[in-house]
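Given the coordinates of chain X, work out where chain D should sit on it, guided by the hints.
Number of protein chains: 2
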Amino acid sequence: MKWKKEWVSYALGKELPELVLKNANVVDVFSKRVRTADVAIQEGRIVGVGEYRGKREENLAGRYVCPGLIDAHVHIESSMTSPALFSRQILPHGTTTVIADPHEIVNVAGERGMEYMLRASENVPVNVYWMLPSCVPINSLEHNGAVYDAAQMERLCRHPRVLGLGEVMDCPGVLVGKPELLEKIELMRHGVIDGHAPSVRGNELQAYCLAGVQTDHECATYEEALERVQAGFLVQIREGSAARNLEAIVSGALKDGLPFDCFAFCTDDLHLDDVKRQGHIDHNIRKSIRLGLDPVTAICCATLQPARFYGLRDLGAVAAGFRADLVVLDDLEEFRIVQVYKDGVPASEKITGIPEPMAEPELTHTVHVPAISAARLALPAQQNFPVVTLVPGEILTRLEYLELPGQKGVFRPQGDLLKAAVIQRHSGSGQLGVGVVKGFGLKNGAIASTIAHDSHNLIVIGDNDADILCAVDALRACQGGYAVCSGGKVRQVLPLPVAGLFTERADLDVAAAQHEMGKLCRSMGVPENLDPFQNLSFLSLCVIPEIRLTDSGVFSVAENRFLTGENG
Amino acid sequence: MKWKKEWVSYALGKELPELVLKNANVVDVFSKRVRTADVAIQEGRIVGVGEYRGKREENLAGRYVCPGLIDAHVHIESSMTSPALFSRQILPHGTTTVIADPHEIVNVAGERGMEYMLRASENVPVNVYWMLPSCVPINSLEHNGAVYDAAQMERLCRHPRVLGLGEVMDCPGVLVGKPELLEKIELMRHGVIDGHAPSVRGNELQAYCLAGVQTDHECATYEEALERVQAGFLVQIREGSAARNLEAIVSGALKDGLPFDCFAFCTDDLHLDDVKRQGHIDHNIRKSIRLGLDPVTAICCATLQPARFYGLRDLGAVAAGFRADLVVLDDLEEFRIVQVYKDGVPASEKITGIPEPMAEPELTHTVHVPAISAARLALPAQQNFPVVTLVPGEILTRLEYLELPGQKGVFRPQGDLLKAAVIQRHSGSGQLGVGVVKGFGLKNGAIASTIAHDSHNLIVIGDNDADILCAVDALRACQGGYAVCSGGKVRQVLPLPVAGLFTERADLDVAAAQHEMGKLCRSMGVPENLDPFQNLSFLSLCVIPEIRLTDSGVFSVAENRFLTGENG
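Chains as they are written, first to last, in my numbering: chain X, 238 to 805; chain D, 238 to 805.
Don't take every hint at face value.
Sample of chain D residues facing chain X (criterion: CB under 8 Å; computed from the structure) [what the hints assert, rightly or not]:
hint, residue
1, W244
2, L495
3, P496
4, N621
5, C715
What the simulated footprint calls covered on chain D by chain X, stretch by stretch (three residues with Cβ under 8 Å from a Cβ of chain X suffice, anywhere in the stretch; the number is not a length) [what the hints assert, rightly or not]:
hint, stretch
6, 283-291
7, 298-305
8, 410-420
9, 439-451
10, 514-521
11, 668-680
Simulated from the structure, these hints should not be mistaken for lab results. This structure is a prediction, so every number in the text was calculated from the model and none was measured. Beta carbons: idealized from backbone N, C-alpha and C, even for Gly.
For reference, chain X alone in the conformation it holds in the complex:
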């Protein structure tokens, strides 16, 4: 905390501070109760809570003031916007601080991506802290854009906005003592080591914890959450666009009478249309309160608790010395926000102007895909082909061995079977894997995306080669994003040129575009219970059961081996 000697005069009431919020009902996260007081603010800092007069006074007339909210784990890339644009969307919802893991961009652009994120989040309307991504590449099964190793981390590990190591997804790697992973944990041990350990229980969880992992945002059940609390974890309760764990955990804890001290809130991956529709961390708070959680306890999960855990000593409370990141509410039970202050300035004044693009050319030219001939997409018609069968409403898939129908011995998509391909887009090698997906429903067209977890190769799905190639060409042309093609023509494109993951353009309404493209896909046959681009983007993630498609071919997660391709 930058501290000025002069502030003491304001605290003492000897000089009038710039702004005093008079007659506030202060949500005190320390005593866990609400009390009436004035909040004195000078140069973005709370200089006193008590009885104060100010140069400017705002009579809150009993409205509630709580600390600015903290998202304890988020991938900003999931918003498909830059840190500056993302900040503008969440600040009005009361979020003044995020702890972000730039896992996606670093998978594409390595250290350059990490440095861009630091730079691009420096002067944005919310506090952006970073965890250095621990698993880039996530594995050796797919080809991503970069390796991010301990030597590169070392250059940033003491950066004032770097708080530790990003989610250690490679739990098996920890348990077998993978040297390069342990090296990263060792390097970042002065900070927080974030975890990611869905379903890990018992002695394996003890071992994971012993290795130094301290948080987890992947708990889907109360029982998983309780076991992590007992191990000393901060459990980050997630409400994302795809994964929603809050109801299970909060209801479970309430029923069991567990204290909420070891919980924080997070979104992990949240699309902007969800932010617009239901909110950000304020949504986690409202949902918790509706489930029966006391509002002050819910606020603590979004403020002091993550702040203390991550060592953010001047965040998360309405008290002298803390940053004047404040949320004004006219109702505590409904958590109805009427004003947000960031560093003592109303949110509306913080989000004026248009943020400048900051990505260098190397970062906006990452879709290196050569011309692909239709012949390279050919699959022989055959018996017993390992087909990726979608599970409605899930990102899980099922492996089914099916007959591929065809003409002249070549597979032709028909009925419920579509063709999909993953094309390596980082080195320009043009390596690709072709597979078959059941249940996507698309007719007379193709859709493609350069967001494809976690290596973010170009993934495309369609029922004919012409549209598939058209979609690939469209994404090469705009250097990444989403594309929908039909009848050999581009129907719609959402250009996301920064690492092929997000945009810096303030004039582009990503949420609206996403919504429209979804509608377009549905008009082309994609069923309601399937989010076309979301499902597509997880089709290549080799850690989720049961079967995935990569640029090396079809992969069985259970068997941990390729079923097709050179290695199949």
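Same frame as chain X, now just chain D:
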């Protein structure tokens, strides 16, 4: 935390750890409940809590295991023993960690004293962390042995066992922005800044907090404690030999329904006879439970809460990765300790052998008092002399202007009026102040001490000059401690040669000696409601109302001026 890759095998149960405490009722400070589990220990570290087998197994048969206790604020010097000897006394009481402020020794010996404390606490049976004393000298009114400034602090501020800045007693200095004090706060801001602010309230407390102070152990009432909790302080609830605040704060908080999250326990100043009689931090826990506090909450105040606040990341919990500092209890309500483990080893094995003396000659030769002639102790018989009147049961004093009776115009102690003197003992200048004390009760003798807060000059009181000089000579001869003289002869001496404050001799039973010397003093007339050496040691502390005696003369605290002497 030193971490070894191999530990994971123990956590996984693939290899048998050295020791498993089977069937324990683990006090889980995270979930704040008790659960049955085995605790696996390897190389002093908890490697897993769950179901484990071990090379050696100890069946606890349902006994409770809680984390080792933490004293969040203590002056080890008050025990009149070295860190090694002190550790041996407190470890059997379950205290495995202390956060100590070496304010006393640094007032005598400056940086040399600080370095001794670090060295002498390195390999002792408990974890000793240090706060660098912030107010040495405490003021310019008395003459102490050393200045400890920011430049000296800087050399140690990143030491792994230095956690921050010791109690900032000079609250007025903070409020007026005293540059040398702010410099120290700034230097130590990466750690914790300990406070000391009895009775400071309202906007002054806000200003003190804004300056960076984060803890206080001086709360005497619940209202003071609540106000500090609301400001974000860790309130260290004190049970010392002289100051006992636990009942007021714990009862108040229970009555008011305040959560206990922002509390820790401390002793501040505790004599070894009190440790023997009632315990150390275990006493704070027992007393809290008797007042109605839930045992698990009480244990949290003595473990996880101070550990987290001071950034001691592997202390304060029974969980994988934490140090195996454990207390085994056969009753939670009575907090009855049956075993203590330090780093996985039973306390009894940790406190074998005799600790080596570690003080260098300069540290054991600090009583620099030249020969004093009786003439220098003479006070004229006079009207209206400012007499120090003791208040029974308090360390407060009252100022009374009384007539000094005498012979040949020279004051001769008689009735209830004794002569006292403070002799500067640091530079050898022989500067001294003489005063008169009412209510001490001593007849036919004198007692002297080199423990005299906070400058630790030699203080002596008696009813005749011969015994006064005899006591001074006795302390010069043994280089500090306590002395009782009568009839011109030394009756008893407790030698405390390290900085004139404590001993390194394991064979010296300080508690017994203290007890005996107290009895001797009472046989010489000191009343029951007065602790002779304790009261004597505070007679020179110029921050406690109403009147004090220093080597510069009699000082009025209220008027902030000397009433006698060159400056009077």
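Here is what the structure says about each hint:
no.: 1; hint: W244; verdict: holds, 6 Å
no.: 2; hint: L495; verdict: holds, 6 Å
no.: 3; hint: P496; verdict: holds, 5 Å
no.: 4; hint: N621; verdict: violated, 39 Å
no.: 5; hint: C715; verdict: violated, 46 Å
no.: 6; hint: 283-291; verdict: holds (count 6)
no.: 7; hint: 298-305; verdict: violated (count 0)
no.: 8; hint: 410-420; verdict: holds (count 4)
no.: 9; hint: 439-451; verdict: holds (count 9)
no.: 10; hint: 514-521; verdict: violated (count 0)
no.: 11; hint: 668-680; verdict: violated (count 0)
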